[in-house]
Amino acid sequence: MFSNNDVLETIAMVQEEHLDIRTITMGLSLLSCIRDSAEETARKVYDLVCTKAENIVKTASDLSREYGIPIVNKRVSVTPVSMLCAAFPEKAPLIGKALDDAAATLGIDFLGGYSALVHKATAEYERIFIRTIPEVLATTKRLCASVNVGSTKSGINMEAVKMMGEVFKEAAFLTKEADGIGAAKLVAFCNAVEDNPFMAGAFHGVGEADVVVNVGVSGPGVVKHALEQIPDADLTEAAEMIKRTAFKITRAGQLVARQAAKRLNAQFGIVDLSLAPTPAMGDSVAQILEELGIETVGGHGTTAALAMLNDAVKKGGVMASSRVGGLSGAFIPVSEDIGMIRAAEAGKITLDKLEAMTCVCSVGLDMIAIPGDTPATTIAAMIADEAAIGRINNKTTAVRIIPAPNKTVGDSVNFGGLLGRAPIMPVHNCDSSRLILRGGNIPAPIHSFKN
Amino acid sequence: MRAVVTVTGKDQKGIIAKVSAFLAERGVNIEDISQTILSEYFAMIMIVDFSDATTELSVLAEECAALGKQIGMSIYVQHEDIFNAMHNV
Numbered sequence: 001m002f003s004n005n006d007v008l009e010t011i012a013m014v015q016e017e018h019l020d021i022r023t024i025t026m027g028l029s030l031l032s033c034i035r036d037s038a039e040e041t042a043r044k045v046y047d048l049v050c051t052k053a054e055n056i057v058k059t060a061s062d063l064s065r066e067y068g069i070p071i072v073n074k075r076v077s078v079t080p081v082s083m084l085c086a087a088f089p090e091k092a093p094l095i096g097k098a099l100d101d102a103a104a105t106l107g108i109d110f111l112g113g114y115s116a117l118v119h120k121a122t123a124e125y126e127r128i129f130i131r132t133i134p135e136v137l138a139t140t141k142r143l144c145a146s147v148n149v150g151s152t153k154s155g156i157n158m159e160a161v162k163m164m165g166e167v168f169k170e171a172a173f174l175t176k177e178a179d180g181i182g183a184a185k186l187v188a189f190c191n192a193v194e195d196n197p198f199m200a201g202a203f204h205g206v207g208e209a210d211v212v213v214n215v216g217v218s219g220p221g222v223v224k225h226a227l228e229q230i231p232d233a234d235l236t237e238a239a240e241m242i243k244r245t246a247f248k249i250t251r252a253g254q255l256v257a258r259q260a261a262k263r264l265n266a267q268f269g270i271v272d273l274s275l276a277p278t279p280a281m282g283d284s285v286a287q288i289l290e291e292l293g294i295e296t297v298g299g300h301g302t303t304a305a306l307a308m309l310n311d312a313v314k315k316g317g318v319m320a321s322s323r324v325g326g327l328s329g330a331f332i333p334v335s336e337d338i339g340m341i342r343a344a345e346a347g348k349i350t351l352d353k354l355e356a357m358t359c360v361c362s363v364g365l366d367m368i369a370i371p372g373d374t375p376a377t378t379i380a381a382m383i384a385d386e387a388a389i390g391r392i393n394n395k396t397t398a399v400r401i402i403p404a405p406n407k408t409v410g411d412s413v414n415f416g417g418l419l420g421r422a423p424i425m426p427v428h429n430c431d432s433s434r435l436i437l438r439g440g441n442i443p444a445p446i447h448s449f450k451n
Numbered sequence: 001m002r003a004v005v006t007v008t009g010k011d012q013k014g015i016i017a018k019v020s021a022f023l024a025e026r027g028v029n030i031e032d033i034s035q036t037i038l039s040e041y042f043a044m045i046m047i048v049d050f051s052d053a054t055t056e057l058s059v060l061a062e063e064c065a066a067l068g069k070q071i072g073m074s075i076y077v078q079h080e081d082i083f084n085a086m087h088n089v
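In order, the protein sequence lines correspond to chains E and U.
Going by our numbering, the first sequence opens with residue 1, and the numbers climb by one from there.
Going by our numbering, the second sequence opens with residue 1, and the numbers climb by one from there.
Treat the hints loosely; a few may be bogus.
What the hints assert, rightly or not - Estimated spans, in silico, between C-beta atoms of each pair:
#1 E:262 to U:55: 17 to 23 Å
#2 E:304 to U:88: 51 to 57 Å
#3 E:87 to U:54: 54 to 60 Å
#4 E:280 to U:65: 18 to 24 Å
#5 E:346 to U:37: 51 to 57 Å
#6 E:410 to U:88: 51 to 57 Å
#7 E:293 to U:32: 50 to 56 Å
#8 E:410 to U:34: 36 to 42 Å
#9 U:65 to E:50: 50 to 56 Å
#10 U:12 to E:262: 56 to 62 Å
If you're looking for bench data, these hints aren't it; they were derived computationally from the structure.
All values derive from a computational prediction rather than experimental measurement.
Where a beta carbon is used, it is the ideal one built from N, C-alpha and C, also for glycine.
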């Protein structure tokens, strides 16, 4: 049984500390939709998504009211679309349009899975598919795309890395009226996971069941508040407090996930333990790191504090849930975190520090705006760096970077809503093109003789 | 099926009467009440059984929130499972 204090604590978490279920994401297999033609496949895709996910918004709203916890986002992830159109890759945008239409019909904000998995090599149909991404992101509103360019098992596909540098540039250029928002809906992964509920990188892996419900919980504000209660605690105690808080947050997520799966006739997939910030005040991962004792996020010690936070969240969360998966770590997007935005505006956090931070947390260089004239090969080199971190460390890493058209250091971009705003951050201006143009594969790493 | 009704706000006359009458009208049975006043701040937590309620829990939660606004208090209705999940190992 619970005490009165437990009741009041839960209410305070929601009312004052931004506790919420960040997303209920329904994963749908679209493999049964493949037909002879792109047109017919697109029709089947639209029908399947609209039928299977028909009640997702209503169910989330009911659960939210019954348990008194906001459920912020309702989303759908689907089988990587490149697999559906291997026979007609140049017509893949028709499937993209059908998915975007389905998302609009359902009333959800994002649908993920305009994706390709090319971590070892790029098949011809995937090459054509990846080239369609910028145009599709520019002509749809709710669709998100991702490409897996490397993995610990297979190394890094440098042809795909080079291509993604160009795809990011073009996706931003084609949406230049909106600060390059196309690139904000695009992720390049290494070691992509099949059950990630968070956008923009969600897709439904082929190893999954037909219809699955995955839930992403959140609560940076709750963790920060808990730490504020013990300002003089040593880091052992602080880690313990984070663990206990993560436990409670995750239990709420697990309850909602199970109920949502039951009501939506889906399998309960996983609870993703990530701390996901929003641009709202008091909902920031950066501010947790500052609460731990760093004046401004980005200062020396940031990586250590983040490593501890990330690990403690996982320890508490794993104990709380029977099925943990997805990305499960602290997210450090720049434009979606008020603490990060401030540090970036003050020049206190750099791309180099962000890269170091991605070694110890999920997920990667996330929502970072860079000058629009950054060469595609430089962006590709950033993707290669991140992929290398993921490949060596057996973890998921990603790049979601926005080369903001016609903007440079000193300017800023504003995407509004959950995507937030960010100052343009400087990048190194030395030329990395010779590395990128070499092509080939960075071989899979050896996992012995660790140093 | 049980839920927890939490009422907080500035103390005034007749809060319990209003809330319990409202719940009774909707077929909700109160099983336990605890209430304290801390420097004019009123906090009441009720455990209620809504098995025979005339409305669904999600609707009841909205109606109670609206009643709270009317009488100048905050009223939350939440399924007890959320507290069991979060506060028990």
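Hints, one by one, checked against the model:
1. E:262 to U:55: 17 to 23 Å: Roughly 21 Å apart at Cβ, these two residues keep to the hinted range, so it holds.
2. E:304 to U:88: 51 to 57 Å: Given about 33 Å between the Cβ atoms, the range is violated.
3. E:87 to U:54: 54 to 60 Å: Given range 54 to 60 Å: holds, Cβ gap about 56 Å.
4. E:280 to U:65: 18 to 24 Å: 21 Å, holds
5. E:346 to U:37: 51 to 57 Å: 46 Å, violated
6. E:410 to U:88: 51 to 57 Å: At 53 Å between Cβs, range holds.
7. E:293 to U:32: 50 to 56 Å: Violated: the Cβ-Cβ distance is about 43 Å, outside 50 to 56 Å.
8. E:410 to U:34: 36 to 42 Å: Between residue 410 (chain E) and residue 34 (chain U), where Cβ atoms are some 58 Å apart, the hint is violated.
9. U:65 to E:50: 50 to 56 Å: Because 32 Å falls outside the window, the suggested range is violated.
10. U:12 to E:262: 56 to 62 Å: About 41 Å separates the Cβ atoms of residue 12 (chain U) and residue 262 (chain E), which means 56 to 62 Å is violated.
Consistency note: the structure conflicts with the earlier hints numbered 2, 5, 7, 8, 9 and 10.
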